[in-house]
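*Asks:* So the sequence shown is numbered by my numbering: it starts at 77 and just counts up by one.
Hints in this document: simulated from the structure, not taken from any laboratory.
Being a predicted model, the structure only gives us computed values, none of them experimental.
Possibly wrong hints are sitting among the right ones.
What follows is a set of in silico ranges between Cβ atoms, one per label pair, in the way DEER data are often shown [as the list claims (entries may be wrong)]:
no.: 1; residue 1: L244; residue 2: S217; range: 26 to 34 Å
no.: 2; residue 1: I224; residue 2: E116; range: 14 to 22 Å
no.: 3; residue 1: D246; residue 2: A105; range: 17 to 25 Å
no.: 4; residue 1: G154; residue 2: K241; range: 40 to 48 Å
no.: 5; residue 1: L244; residue 2: S206; range: 40 to 48 Å
no.: 6; residue 1: R92; residue 2: L248; range: 47 to 55 Å
no.: 7; residue 1: K204; residue 2: E235; range: 25 to 33 Å
For each residue, glycine too, the CB sits at the ideal point set by N, CA and C.
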Amino acid sequence: MKLREVIDTKTGLNSRELKKQNAISYSIADFNYDLNQTFEISKSSSDDALNRITLKQGDLIVSLQDFKMAIVSQKNAGKVFSQRFLRIIPKKESNLDIRYLLFIFNQSTLIQKQIHNMLEGTVLKLIKESNILNITIQLPSLEIQAKIGSYYQLLKEFEILTQEKLTLLDKLSMELLNNLNIEK
Numbered sequence: 077m078k079l080r081e082v083i084d085t086k087t088g089l090n091s092r093e094l095k096k097q098n099a100i101s102y103s104i105a106d107f108n109y110d111l112n113q114t115f116e117i118s119k120s121s122s123d124d125a126l127n128r129i130t131l132k133q134g135d136l137i138v139s140l141q142d143f144k145m146a147i148v149s150q151k152n153a154g155k156v157f158s159q160r161f162l163r164i165i166p167k168k169e170s171n172l173d174i175r176y177l178l179f180i181f182n183q184s185t186l187i188q189k190q191i192h193n194m195l196e197g198t199v200l201k202l203i204k205e206s207n208i209l210n211i212t213i214q215l216p217s218l219e220i221q222a223k224i225g226s227y228y229q230l231l232k233e234f235e236i237l238t239q240e241k242l243t244l245l246d247k248l249s250m251e252l253l254n255n256l257n258i259e260k
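Build out the structure end to end from the sequences listed, making use of the hints.
*Replies:* Written out as structure tokens, the structure reads:
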């Protein structure tokens, strides 16, 4: 099954259009922040998703440079996305678990191989919207998708919490070392 059968896409604005908007644009740093956050999947209607240019919390977004998919966080809601990104809008009639889609897009070696074969450019590698829509995916039953997606979500949350713990431990260790009185 091709990805186009279960999703629609919306391309971001070019730089000229972004300047006209006079709004805060969604950056690669914003994307990386969203990529490393816990999943906050929106249950809101996506009726306006194909027409709006601002991001909402819970929107799915793909970086055409990094070839990863993230869920827009509350921190980045309201920002305007550029043509470096692609908003993914699941079709209403598709039986698609969003967490499963994140898993296969970000972790599946089958998807990564397809993306690698579709890359264009010599210096800056990019993937086109049409190529993303032509990615072949395997779509098991919704029940199995939900199980895989749920496990992936738990794994990502554990990874994030572990990283936060390591960061705190590192800060504490440095503080203790800096407070050691060597002259005693």
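*Asks:* Of the numbered hints stated earlier in the document, which are not met by this structure?
*Replies:* Of the numbered hints given earlier, those the structure breaks are 1, 4, listed in rising order.
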